[in-house]
Each structure stands twice: as structure tokens, then as C-alpha cells.
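K.L.:
No gaps in the numbering here: position 138 of the sequence shown is 138 in this note's numbering, and each next residue is one more.
Check each hint, because a few of them may be wrong.
[Stated by the list, open to error] With a cut-off of at most 30 Å between alpha-carbon atoms, the simulated BS3-like pairs for lysine-lysine come out as follows:
id, residue 1, residue 2
1, K136, K41
2, K29, K112
3, K29, K136
4, K136, K120
[As the list claims (entries may be wrong)] Label pairs and their calculated CB-CB ranges:
id, residue 1, residue 2, range
5, R124, H93, 34 to 44 Å
6, P6, H126, 30 to 40 Å
7, G50, S125, 32 to 42 Å
8, G78, Y138, 16 to 26 Å
To be clear, the hints were calculated from the coordinates, so they are not data collected in a lab. Because the structure is a prediction, the values reported are computed rather than measured. By construction, the Cβ of each residue, glycine as well, lies at the ideal position given by its N, Cα and C atoms.
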Amino acid sequence: MKMTLPNSILLAEVNRMLQEGHPVVIMTKGNSMLPFIRGDKDNVELVRNGNPAVDDLALCEIAPGHYVLHRIIGIADGEVTLKGDGNLQGTEHCRLENVCGTVTHIIRPNGKRIAVNTAKFLRRSHLWAKVPYIIKRYGLAIYRRIA
1 MKMTLPNSIL LAEVNRMLQE GHPVVIMTKG NSMLPFIRGD KDNVELVRNG NPAVDDLALC
61 EIAPGHYVLH RIIGIADGEV TLKGDGNLQG TEHCRLENVC GTVTHIIRPN GKRIAVNTAK
121 FLRRSHLWAK VPYIIKRYGL AIYRRIA
């Protein structure tokens, strides 16, 4: 029997498990983290992180019952600023205490595990952040069609 749960219920339970210290693997949805995470294909492994930092991929509750898995691009005065790698514009914000957990690995459909805290992965994400808007826009459009 297949059961579908709304994200507000599922991710609230994921948050509870993370706060208890359990690592959690979830399937991702959407294209907001392209090109690094492919929604409906890749899984991510999350752990509780008491000290989230800029560049972390984090699951955050940005409003009651509304969660996003995006990159932390800033932290100031207890406020966290997030942006999806595949989002061309817009950011989200939450309080530091609303960071549920951070990603340790991206897990591809073939089982390959990609550690997100390696120098190689961070170099790639920093390079992607510097790509000009117009190139990102067309590059993401093409990637969405072929991925």
C-alpha cells in the first residue's frame, strides 16, 4: 500500500527525528537545488547540526509547517538567509533555531553517495554561485529538459 503524506507532516516528523539525534534520509522534490540535487531522483542524508554555517545545505522551517532544503548563504544576528542553487532570484529567511538539520550526503539513484563537505564539492558550489545570471538561466532550462 502506497501512502502519501503532506510535506508539513512528513518534514515535521523528520525534524523530530533529527532533534532526537537520528540521521534521516529523504527523497527530494522540485528543481530548486539544481544542478547539485535533482528533485524526485536524489535522496539526501540529514543530520542534526547545532552549528549550521554558510554554505551548508539545510532543511529549515521558514514558516509554521513550511520547510525548504536550500543552501545557507548568510547568517547574521540569529537570522539565516537561504537560497536554492537552482533559484535565479529570491531568498528565504528563518531563525537559527528553525534550522532542522544539514545535509551530509547526496545519494544518487544508483546508490552513489556524494559528500557535500568536501573541498571539491564546495569549489563546485562556489563556482556555480559566480556564474552570470543569463548563463544560469539558460543552463538550468537545458538541464531541466535533459535531466
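K.L.:
Hint by hint, say whether it matches the structure.
P.N.:
Okay, the hints, checked on the actual structure:
1. Using a Cα cut-off of 30 Å, the hinted pair K136 and K41 holds, with the two alpha carbons roughly 21 Å apart.
2. With a CA separation close to 18 Å, the supplied pair K29 and K112 stays within the 30 Å bound.
3. With a C-alpha separation of about 20 Å, the suggested pair K29 and K136 falls inside the 30 Å cut-off, and the hint holds.
4. Taking the CA atoms of K136 and K120, the gap is near 20 Å; set against the 30 Å cutoff, the hint holds.
5. Roughly 25 Å separates the CB atoms of R124 and H93, a value that falls outside the hinted 34 to 44 Å.
6. Distance hint check: the CB atoms of P6 and H126 are about 35 Å apart, consistent with the given range 30 to 40 Å.
7. Judged by the Cβ atoms, the range 32 to 42 Å given for G50 and S125 is violated: they are separated by roughly 22 Å.
8. Between G78 and Y138 the beta carbon distance is about 37 Å. The supplied range of 16 to 26 Å is therefore violated.
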